[in-house]
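Peer 1: Could you put the whole structure together from the sequences, leaning on the hints where they help?
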Amino acid sequence: MVDDSEVIRQLIRVNLELEGFEVVTAADGAECLEVVRRVAPDVVTLDVVMPRLDGLRTAARLRASRDTAHLPIAIVSACTPADLERGESVGVDGYLAKPFDPAELVALVRRLRAAASAERRFAYDFGSPAPSGGPDPRDSAQSERRQELVRPDEPRP
Numbered sequence: 001m002v003d004d005s006e007v008i009r010q011l012i013r014v015n016l017e018l019e020g021f022e023v024v025t026a027a028d029g030a031e032c033l034e035v036v037r038r039v040a041p042d043v044v045t046l047d048v049v050m051p052r053l054d055g056l057r058t059a060a061r062l063r064a065s066r067d068t069a070h071l072p073i074a075i076v077s078a079c080t081p082a083d084l085e086r087g088e089s090v091g092v093d094g095y096l097a098k099p100f101d102p103a104e105l106v107a108l109v110r111r112l113r114a115a116a117s118a119e120r121r122f123a124y125d126f127g128s129p130a131p132s133g134g135p136d137p138r139d140s141a142q143s144e145r146r147q148e149l150v151r152p153d154e155p156r157p
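Residue numbers (full-length UniProt numbering): 1 to 157.
By construction, these hints were calculated from the structure, which means they are not laboratory data.
Ideal Cβ placement from N, Cα and C applies to all residues, glycine included.
The hints are all genuine.
Between beta-carbon pairs, the in silico distance windows are:
no.: 1; residue 1: 85; residue 2: 17; range: 31 to 39 Å
no.: 2; residue 1: 40; residue 2: 91; range: 15 to 23 Å
no.: 3; residue 1: 81; residue 2: 38; range: 33 to 41 Å
no.: 4; residue 1: 7; residue 2: 66; range: 33 to 41 Å
Peer 2: Here it is in C-alpha cells:
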C-alpha cells in the first residue's frame with residue numbers, strides 16, 4: 001500500500017493486518033516500484049498525490065511492465081473526476097475515496113484479490129471459446145473489475 005502520509009499507511013496496515021493480510025508499505029510511487037519488484041504483491045493500493053512519482057503515473061508504469069501488468073491496482077485517495085478518468089484510462093481496477101470506512105477498504109482488497117485469482121485460472125486458456133451453454137468467465141471477471149471504479153459523486157453499491 002502506497003501513501004505519503006505515515007498516519008494513513010499505519011491505518012491501512014492495521015486494518016488489513018487485522019483481517020489476515022500481509023502488508024508492505026511505500027511512501028511514494030518511486031519506492032512502490034522498487035517494493036513491487038522485490039515483494040510481488042497480490043494487490044497494490046495507491047494514493048494519487050505523492051512526491052517524486054504520483055499514484056496515477058505509478059499505476060501507468062505498473063501496467064506498462066509485462067511483469068506487473070496483471071496486478072490489481074486500487075486508488076485510495078481523494079480524487080477529482082479528472083483523476084478518476086485518468087485512472088480508468090491507465091487501467092486502475094478500483095477506487096476508494098478518502099476518508100474511507102476501513103471495512104470498505106478490506107472489502108475492496110478482497111474483491112480485487114479474488115478477481116485476480118479468478119483471472120489466473122484462465123492464464124493458459126489462450127482465447128479459446130467459452131464452453132457451450134455459458135458465458136466466458138473472463139468476461140465476468142473483467143466486468144467485475146470495471147464495476148469497481150466508482151466516481152466520488154456516485155452512490156456506492
